[in-house]
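**Student:** Chains as they are written, first to last, in numbering that gives the first Met the number 0: chain A, 0 to 222; chain B, 0 to 554.
Read the hints as simulated data drawn from the structure, not as lab findings.
Built from N, CA and C at the ideal position, the CB exists for glycine as well.
Worth double-checking, as some hints may not be accurate.
To list a few chain A residues with every Cβ distance to chain B over 10 Å, as calculated [stated by the list, open to error]: (1) A23; (2) Q85; (3) M179.
Which bits of chain A does chain B cover? Going by a derived footprint, with three or more residues having C-beta under 8 Å, they are [stated by the list, open to error]: (4) 42-51; (5) 86-98.
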Amino acid sequence: MTKPPKDNVTKTLKIALVEDQPKARDNWCRLINSFPDLRCICTCKSGEEALRVIPEVPPDVILMDIFLPRMSGIECTAQLKALLPQTQIIILTAMDDEELIFMALEAGADGYLLKRTKPADLRAALLEVLEGGAPMSSEIARRVITSFRSKAKTRDESLHLSTREEQILLLLTKGCSNKMIADRLELSVVTVCHHLKHVFEKMHVSSRTEAAIRYLNLHNPTD
Amino acid sequence: MAWLGLSGEPCYARGDSLIMRTSQEMFTAKAGGRERRKPSWRASLGLVLCLLGSGLTRAGWAQSQEGKALVEMRHANAIVVENNPLNTATNLQDSLTERGSYNFSDMGSWIWGAVTRDRQTCRFWKSFEIPDGAGIVRARLRITADNEYTLYLDGRELGRDAEWRHLYEYDLTALLSPGRHILAVDAYNSSREAGMILGFQIGLADGRVVKVKSDTSWVVGADDVPGWEPVRNWQKMSALPASWPPATVVASCGSGPWAVSPWYIDIVPPMTREVIPFWQTGWFQITVLAVLGLLILVTFWVLTQLALHTKEQRLLQRERARIARDIHDDLGMRMTQMVLQGEVAQSEMPPGSELHTHLSQMCEDARGTLRAMDEVLWAINPRRDNLREFTTYVCRYAQAFLKDTAIQCTLDVEPEMSTIAFNLPLRRNLLLAVKEALNNAAKHSHATELVLRIRQQNETLLVEVRDNGQGFEPTLANPERNGLANLTQRMQELGGRCHITSQPGKGCSVELFMPLVNRRRQLLRLDWWRKLDPLPPKPEPSITSARHPADSKPT
Numbered sequence: 000m001t002k003p004p005k006d007n008v009t010k011t012l013k014i015a016l017v018e019d020q021p022k023a024r025d026n027w028c029r030l031i032n033s034f035p036d037l038r039c040i041c042t043c044k045s046g047e048e049a050l051r052v053i054p055e056v057p058p059d060v061i062l063m064d065i066f067l068p069r070m071s072g073i074e075c076t077a078q079l080k081a082l083l084p085q086t087q088i089i090i091l092t093a094m095d096d097e098e099l100i101f102m103a104l105e106a107g108a109d110g111y112l113l114k115r116t117k118p119a120d121l122r123a124a125l126l127e128v129l130e131g132g133a134p135m136s137s138e139i140a141r142r143v144i145t146s147f148r149s150k151a152k153t154r155d156e157s158l159h160l161s162t163r164e165e166q167i168l169l170l171l172t173k174g175c176s177n178k179m180i181a182d183r184l185e186l187s188v189v190t191v192c193h194h195l196k197h198v199f200e201k202m203h204v205s206s207r208t209e210a211a212i213r214y215l216n217l218h219n220p221t222d
Numbered sequence: 000m001a002w003l004g005l006s007g008e009p010c011y012a013r014g015d016s017l018i019m020r021t022s023q024e025m026f027t028a029k030a031g032g033r034e035r036r037k038p039s040w041r042a043s044l045g046l047v048l049c050l051l052g053s054g055l056t057r058a059g060w061a062q063s064q065e066g067k068a069l070v071e072m073r074h075a076n077a078i079v080v081e082n083n084p085l086n087t088a089t090n091l092q093d094s095l096t097e098r099g100s101y102n103f104s105d106m107g108s109w110i111w112g113a114v115t116r117d118r119q120t121c122r123f124w125k126s127f128e129i130p131d132g133a134g135i136v137r138a139r140l141r142i143t144a145d146n147e148y149t150l151y152l153d154g155r156e157l158g159r160d161a162e163w164r165h166l167y168e169y170d171l172t173a174l175l176s177p178g179r180h181i182l183a184v185d186a187y188n189s190s191r192e193a194g195m196i197l198g199f200q201i202g203l204a205d206g207r208v209v210k211v212k213s214d215t216s217w218v219v220g221a222d223d224v225p226g227w228e229p230v231r232n233w234q235k236m237s238a239l240p241a242s243w244p245p246a247t248v249v250a251s252c253g254s255g256p257w258a259v260s261p262w263y264i265d266i267v268p269p270m271t272r273e274v275i276p277f278w279q280t281g282w283f284q285i286t287v288l289a290v291l292g293l294l295i296l297v298t299f300w301v302l303t304q305l306a307l308h309t310k311e312q313r314l315l316q317r318e319r320a321r322i323a324r325d326i327h328d329d330l331g332m333r334m335t336q337m338v339l340q341g342e343v344a345q346s347e348m349p350p351g352s353e354l355h356t357h358l359s360q361m362c363e364d365a366r367g368t369l370r371a372m373d374e375v376l377w378a379i380n381p382r383r384d385n386l387r388e389f390t391t392y393v394c395r396y397a398q399a400f401l402k403d404t405a406i407q408c409t410l411d412v413e414p415e416m417s418t419i420a421f422n423l424p425l426r427r428n429l430l431l432a433v434k435e436a437l438n439n440a441a442k443h444s445h446a447t448e449l450v451l452r453i454r455q456q457n458e459t460l461l462v463e464v465r466d467n468g469q470g471f472e473p474t475l476a477n478p479e480r481n482g483l484a485n486l487t488q489r490m491q492e493l494g495g496r497c498h499i500t501s502q503p504g505k506g507c508s509v510e511l512f513m514p515l516v517n518r519r520r521q522l523l524r525l526d527w528w529r530k531l532d533p534l535p536p537k538p539e540p541s542i543t544s545a546r547h548p549a550d551s552k553p554t
């Protein structure tokens, strides 16, 4: 809102793509570029290349294939998120496997997309992620709650879900959409999205903390 | 050998020295005895010398070599007196026949088969009766045989010995009972004279005495008896063997070649009937062993089957995982790329053209295929074989299915669904049932809200699909056209049940109950592996038969 002229003129979303299949990479690139407000600025064929190239051309969104040779998409996501905390990372997956998606979200991904998503929906999903509304299915919400509850005993208090956040997650597990949650809790949809964004941030933090603790335990086993 | 002294009064042969001699010498001694039967001056002389030499009223063995006999007799005297059991006090307490007097009148005669040969076996058989109701006070049996005997009572061996100069005394008081009994003697003659002598007295409580003596009432089986047939276990046979002839008296007691009194009466310790507890009986032990052996075999068998089944299951799971991976990595990726390619091609076409529409349709079909593959993957992946995965999948499916309809879907699921095993056939068919119920609600109910409730109640899984639609009158529903009727049948085939409640204007509730089989209980059945798969072998409906509404929706 502060820079409306710029928004109007150059609001093209810079997208980086990490995909090991050359044909798929090319197709994705062409598909993205077919939208006037999306632009594929960088393509990488492996996680290692992504870590090397992407930080130099910071994009707005990174589309990350989950199955990459050597370094997996999830690992690459975690490392990229550490380098570029402001960049949104969206996991691309061929199959709808919530276990993988949860792992990716925990690693720092901001959302996920099925590769077969229609181009129109792709654009909508990208914009939604940028607005902070990470898609969360009832199952993911359930996993998030379980994960936080099991960690609550050992992690520091700041990682706890707030009551509101837990309320929202519980409604998500019941299959409510963000709009329905907003209705039920008498909040605006934006607030709901905001809370969910916090949940994701906490997830990333918790996973990072966990990684750090694991690292410390590994190197100082006497502690 | 007979033990009545020449003078008619009891006299004892003291034969310890002879016992110590070799059988060759015994043979010699007996030969002398035989010679006495054919009156021989040497025998007479020997006897006279014996009498003179010992100075006692007693019988000695007629010896062909007088000098030797003398020496032996003297020698014998020296040893025997102390060892003679007849001198012990117990022997004097003989109630039936005063042993002190050594009256051998209760003995029978020396009997044998009609022919006597060297190395001959004779079998003697005799039955006797003890009156019913009679109490047995004492039963004493005396026996000896030239040369060997084995004594049987009712088929049981009582004892055996091979010294014809001794008399063997058995106390059978405890072994007898009123009724018929069989005495059997297996006698063997090594050479020359042969005979068996036996006397058996049974004193009854009422004073009567049952006497059994060796006489012609015994029957004999011997190899050389014409018409004699060997009988197996002849000692045990209860009837008189038909072809066996009566025994022949070889000599009466106190006469013949054995005309001496016994050197010893060997008293065999009284025999008692041993009460064998049932667990020590052979049959019981054999049975127990057999049962144990059987148990071990059965255990082995069950374990083998278990191992085989586990292996089969593991192989099956590995194969399922492999297929899932193949579908995911290969088919899934190719299809995804196809969709992508189609979309790229589509985006480069001018919208509205015929080709654009075709491409769009193609992409949509390919997406439908991918969705179907997702379901197949879910079904085939062994990692999904549990209740939580099922719940997750059903919830996701319901949400996706109803997203494009006017129905608002609400989930009511336990937050912590257990990960109890829920194997492929069950979960796939239950998913089909849920699909049917959802389909029904979407098509006919005109509902605005639908609640999918999944609950685990003890060992039953409850899946309820409840809508707030127009409902129907269950009794009026056409069973032919009613998809819900299929549902009931399907649930019954799976071992579960289906409960449909509806009222016009009050919505409809479909409750699906599915038993979550307790595997441990299942394992207890021996043929459990045949029942692991509760599905009938008929061809199963495809999991993707109920199509996603979006699949058929034109773009």
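**Student:** Return the numbers of the hints above that this structure violates; sort them in rising order.
**Tutor:** 1, 3 and 4
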